[in-house]
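Student: These are the residues of each chain, in order.
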Amino acid sequence: MARSAERRPFGDHLGRGLYLAFCVAVLVFLIAPMLVIVPLSFNAEPYFTFTEGMLRLDADAWSLRWYRGIVADDDWPRALGNSLVIGVAATAIATALGVLAALGLANPAMPGRVPVTALLLSPMVTPLVISAAGMFFFYSDLGLAQTHLGLILAHAALGAPFVVITVTATLAGFDGNLARAAASLGAAPPTVFRRVQLPLIAPGVISGALFAFATSLDEVVTVLFLGGLEQRTIPRKMWSGIREEISPEILAVATILVAFALLLLGTVEWLRRRGGERAAARFRPG
Amino acid sequence: MARALRSARVRAALLTLPLVAFIGATFVAPLGAMLIRGVHQPLVADSMPRTLARLEGWDGRSVPDEATFRTLASELRSLRERRVLGAVAARVNRVESGMRGALVRTARKLRRASPASWREATIAADPAWGEARAWRAIRRAGERYTARHYLNALDLRRDAAGAVSAQPPERRIYLSLLGRTLAVAAAITAICLVLGYPLAHLIANARPATSNLLLLLVLVPFWTSLLVRTTSWIVLLQNQGVVNDLLVAVGLIDEEERVALIYNMTGTLIAMTHVLLPFMILPLYAVMRTIPPQYLRAAASLGATWRQAFVRVYWPQTLPGAAAGALLVFILAIGYYITPALVGGRTGQLISNMIAYHMQESLNWGLAAALGGVLLVCVAALYLVYDRLVGIERMRLA
Numbered sequence: 001m002a003r004s005a006e007r008r009p010f011g012d013h014l015g016r017g018l019y020l021a022f023c024v025a026v027l028v029f030l031i032a033p034m035l036v037i038v039p040l041s042f043n044a045e046p047y048f049t050f051t052e053g054m055l056r057l058d059a060d061a062w063s064l065r066w067y068r069g070i071v072a073d074d075d076w077p078r079a080l081g082n083s084l085v086i087g088v089a090a091t092a093i094a095t096a097l098g099v100l101a102a103l104g105l106a107n108p109a110m111p112g113r114v115p116v117t118a119l120l121l122s123p124m125v126t127p128l129v130i131s132a133a134g135m136f137f138f139y140s141d142l143g144l145a146q147t148h149l150g151l152i153l154a155h156a157a158l159g160a161p162f163v164v165i166t167v168t169a170t171l172a173g174f175d176g177n178l179a180r181a182a183a184s185l186g187a188a189p190p191t192v193f194r195r196v197q198l199p200l201i202a203p204g205v206i207s208g209a210l211f212a213f214a215t216s217l218d219e220v221v222t223v224l225f226l227g228g229l230e231q232r233t234i235p236r237k238m239w240s241g242i243r244e245e246i247s248p249e250i251l252a253v254a255t256i257l258v259a260f261a262l263l264l265l266g267t268v269e270w271l272r273r274r275g276g277e278r279a280a281a282r283f284r285p286g
Numbered sequence: 001m002a003r004a005l006r007s008a009r010v011r012a013a014l015l016t017l018p019l020v021a022f023i024g025a026t027f028v029a030p031l032g033a034m035l036i037r038g039v040h041q042p043l044v045a046d047s048m049p050r051t052l053a054r055l056e057g058w059d060g061r062s063v064p065d066e067a068t069f070r071t072l073a074s075e076l077r078s079l080r081e082r083r084v085l086g087a088v089a090a091r092v093n094r095v096e097s098g099m100r101g102a103l104v105r106t107a108r109k110l111r112r113a114s115p116a117s118w119r120e121a122t123i124a125a126d127p128a129w130g131e132a133r134a135w136r137a138i139r140r141a142g143e144r145y146t147a148r149h150y151l152n153a154l155d156l157r158r159d160a161a162g163a164v165s166a167q168p169p170e171r172r173i174y175l176s177l178l179g180r181t182l183a184v185a186a187a188i189t190a191i192c193l194v195l196g197y198p199l200a201h202l203i204a205n206a207r208p209a210t211s212n213l214l215l216l217l218v219l220v221p222f223w224t225s226l227l228v229r230t231t232s233w234i235v236l237l238q239n240q241g242v243v244n245d246l247l248v249a250v251g252l253i254d255e256e257e258r259v260a261l262i263y264n265m266t267g268t269l270i271a272m273t274h275v276l277l278p279f280m281i282l283p284l285y286a287v288m289r290t291i292p293p294q295y296l297r298a299a300a301s302l303g304a305t306w307r308q309a310f311v312r313v314y315w316p317q318t319l320p321g322a323a324a325g326a327l328l329v330f331i332l333a334i335g336y337y338i339t340p341a342l343v344g345g346r347t348g349q350l351i352s353n354m355i356a357y358h359m360q361e362s363l364n365w366g367l368a369a370a371l372g373g374v375l376l377v378c379v380a381a382l383y384l385v386y387d388r389l390v391g392i393e394r395m396r397l398a
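Going line by line, the protein sequences match chains R and P.
Our numbering puts the first residue of the first sequence at 1, with every later residue one more than the last.
Our numbering puts the first residue of the second sequence at 1, with every later residue one more than the last.
Here chain P stands alone, though its shape is the one from the complex (with noise of 0.2 Å):
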């Protein structure tokens, strides 16, 4: 008997093996790459080994000697050579800006000399060298292990004694963007629900005919492709567009007084809400189906108002439905990032947004990373929200 069952174990488990194999290898792998590259970045430690070995024992404070100097334009001249001293420098500039063109300017003007002092010649092509600061930066640059995106995706930075402190006021963008994020989707699950609501309840207690008719209406933007109804809010909202148009006709609103309603904030949150909206409404109609209809009329006979038989009746057996809804809506929402990106203009953008734009434009890898890992722990911690209150078993689609 022990062993049957063992043996059906076993088997249960060798079916679930190739999938989890497989999310291990082209999901879970990968993430774990991403958290590294948040800490790990070994490409200046890998192109300026010696510079950086003697800097080792250098105070921090006076100029290096005369052969850390040789040592920076020997191994300039190499990376030039090899053609990645655009990648080291601009890295080093991550660290102290200015520094891509103090780099690249004396790789260029050392490139052939071999002058009599290199610290004459080096400070001559560029005078950033006679100060520590440049050298902090390469020393700074070259450690292999950092954690400078992290500090710099939670508004920290090391000053130059290398104690954790606040960035200054006009640099604190990443936590307040984070901040905007969640409290972005706290009101689109907050709408979600009051909209979602009274749907739900009327699809749950509607004739069968009618409710199946009503649930289809609601599962046709669920099936629809998130970028044509992406598409049709900007055909919807844009200054000429069908919305403003109406409110012209009827006369709410001047020509020149049409209202703006994309590209920016009330965009995001128009097109979030409509594109998240069956996610709350599904599990709230899955549990009013449940509740008998006895209940309510069972608390009217008793005397209550339908205002009490709703609060202290009806409502919290909703509240399973509602709890899943809103972490399902919430935790999708704080990770969007097409709907931002194509109607949120420029203050409509959500952590996600940040995230692409240092992956694509900035090319700062690492702290794209970092603020993935940011935005990843808090998906994670309400991840476990979900399965605490409702079940991960229990998710459910349409």
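One chain only, chain R, in its complex shape (with noise of 0.2 Å):
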């Protein structure tokens, strides 16, 4: 008993095999729906079930015309077009604001770090439609609703908190003295910036910027309050979608972003790597 205790903190063999069941059982629940959605969206039959000869492997079941019909359709280039323009304006100026910020943040001397960190970050928590209810009050008035630059401020202050967090965690990785050493050698503020804090915060800049635009990417409900027919972006064109007929185009457009999502992750995790131990230990959750 003593001995499985040490090794198991969770019980003999069968409490073992039960605790590793539950965890498999939970980490299908996690990346079910990713596998599911992928294979499916090859389906040659506008189903959304496994057709008994996709089951069979069988050639003829399978085909990309799901695919073939996103391209030849002329609206979901076009919604492309619309996320991509919204998505990199959003997060350049959540990129460029949130890295001044996390820098003032980051410094010992910042008077009321709490309450400033507390305001930079309530878009995250704030429910979207009640954002997203005040901006079309507010944005409407200024003549901001139904324009690209209305869902670009708004996309830029729902992101803008994923970088103040990433950029602040990497700094609170490094050593202040490095700054203070470039700036008794002579550097000014600004090259000091340029030349020693940046690279070392590089990978936390990127990884935020990543962050602010996958949430540019995947928001809707700023789109639905706010966009107009020329605003239409990819998750508002899955929305109708969804709610009105659902097509596998749907999952074919679907499967993409999950490329989409992989390449991202794949990104963050290399970058995190990469900026070495010293902002691994922060970046990590906790």
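Keep in mind that the hints were calculated from the coordinates and are not lab data.
Be aware that one or more of the hints could be misleading.
[Unchecked claim] Here are some, though not all, of the chain P residues that point toward chain R, as calculated from beta-carbon distances under 8 Å: (1) I191; (2) L193; (3) P198; (4) W223; (5) Q238; (6) I338; (7) I355; (8) Y357.
[Unchecked claim] Pulled a few chain R residues facing chain P out of the computed Cβ check, cut under 10 Å: (9) L14; (10) G15; (11) P33; (12) F42; (13) Y67; (14) A96; (15) A101; (16) G104; (17) A106; (18) A132; (19) D141; (20) A160; (21) V196; (22) I234; (23) I242; (24) I246.
Idealized CB from N, CA, C, for every residue including glycine.
Assembling the complex is the task here: the two chains are given apart, and the hints tell you how they should meet.
Tutor: Right, dumping it as structure tokens:
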């Protein structure tokens, strides 16, 4: 008993087996949606379930017709264009302002750090419907509703907290003496930032920017409230696709987005490792 | 020295200033606009100023005098010409149902009239004007600042005498919806804790390579589009979906008794748990990683059973992670809109869906704003609790 408790805090062999089975079940639950959507997007039939042909691995039961459908359709490429324009512009604003703010927050002399942090992170925890409703009222009065600019500002505000969090975490891991040493050797503050701090926090900055970009690319509520026909983005188009008439075309788009998510995740993981032990310790959650 | 410190403070504050200003202008100000929208409604007051001025001296019980009728007719005519009558009538109709029709009809019938008695002509156009309640509705709708929407959002109302009382039972919907939202959020938090705790423990105690791989598996859904994940739950759970097919194929259920797993509360619970589970696992994992295994070994060598060791030694040390994860999941869950809207059907809707309904369909923006205000108070309170228990500065991402 003592030995098994020592090696296995969750009990004997049976307990250990149940524990592992439970964990595997939870993992399956976590990734099952991704596992199902990818093969079904290659379904030759307009169904959302595996046909017998698919299960027999019959080549005729699999096809690229839904992918061809996306490309042939004018709407999806246009939606992609809108998503990219809004996403890139919003990410640029969020990253520029977020990095500056993180540099300020990481400074030990920063006055009122907790309330300022609470304010800067509030877009992340505020229910999106509330944010979007408020933005609808406010931006309509300013003539920003149904414009790209309105959505860019909205998405920048929603994405900035992610940049602040990742960059603050990276900054917390590095030695403030480096900046002081550079300053004492005569470097002006902008030079210190460009030549010393920026290279050190670059992994955090890029990760934060990717987070902000992913947020914008996935955001549908502000687009629903603020956007018009001219601002239809990929998620907005998926939204109406799911609500009105769900077709396997949606699954094909979803599969592309899963691939894109894996790419983003891979990049961030690679940055985390490249950022080395210095940033890694902080960059992990916790 | 003091000057150097001050200039460092100023420099730090200046660095945060651009983002503070940006968030203030693009995010906080809109929230303020929404909260104000819940109490400020100038439309009727601005549209019928002369009628409302005449009603100021009115006793509220008798039928108003001839001059009031004449003023009403002239203002209705001008509203009709300026094409704002519909919006004004809709606003008055929210105070007293049936008033939309009365206003529109009256304006149409009186558009070219110049009768000897405006009073008789107006009552002939719509008999509602012969009763005091129609006029009270105009007066109530003409209040520039009103607590009505907030009262409404809390299932309260003001009766004819102006006293605040509970809505009749059949009209009490918002508090119970808020209660249901909180209950669903609590249930999802509990499910996430039960599902996430063992997995976080496994990840924290596995060999580095395994641990990294498992962590990636947790992060994949985290990075995947919410709409994509919701779509796949529809595909998995619908009547002719993969899960039901599987249950039939294994023989657990018959072809005719396929289970309704989606477009109801079950769908909302499953899909939201899936979306929020990583937010529970990551903080738990972060805390568990720092707990030295020696503690459990010490407990065991001192004769504790594994259950005692868990309850008295392990669990208390993981509490910070459990609290951080639970609060985050709860905060995010009570504001959820997209997932319930897509998979919740009629029974799986939450308070955010009601706000969106009033924003987009009933166009009762005042009520939408008030409901948003109530929800915002809940979230803000939880955000403060999070700061006290966990610390906002320690909010981390994967």
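Student: It remains to establish, for every hint, whether it holds in the given structure.
Tutor: Hints versus structure:
1. I191: Where the cut-off is 8 Å and the nearest Cβ of chain R is about 11 Å from I191/P, the hint is violated.
2. L193: violated, 12 Å
3. P198: Holds. Min distance 5 Å.
4. W223: With Cβ-Cβ at 4 Å, under 8 Å, it holds.
5. Q238: This hint holds: Q238/P lies near chain R, its Cβ roughly 7 Å from the closest one there, short of 8 Å.
6. I338: Result: holds, 6 Å to nearest chain R Cβ.
7. I355: holds, 5 Å
8. Y357: Interface hint status for Y357/P: violated (10 Å vs cutoff 8 Å).
9. L14: Violated, because the Cβ-Cβ distance from L14/R to chain P comes to roughly 12 Å (cut-off 10 Å).
10. G15: holds, 8 Å
11. P33: holds, 3 Å
12. F42: Interface hint status for F42/R: violated (13 Å vs cutoff 10 Å).
13. Y67: violated, 15 Å
14. A96: Cβ of A96/R sits 8 Å from chain P, so the hint holds.
15. A101: With a closest approach of 4 Å, the A101/R hint holds.
16. G104: holds, 3 Å
17. A106: holds, 8 Å
18. A132: holds, 8 Å
19. D141: holds, 8 Å
20. A160: Given a least distance of 6 Å, the restraint on A160/R holds.
21. V196: Hint on V196/R: violated, closest Cβ of chain P at ~16 Å, above 10 Å.
22. I234: Nearest chain P Cβ about 9 Å off; hint holds.
23. I242: Holds. Min distance 6 Å.
24. I246: Holds: closest Cβ of chain P sits about 7 Å from I246/R, inside 10 Å.
Going through the hint list in order, the structure does not satisfy hints 1, 2, 8, 9, 12, 13 and 21.
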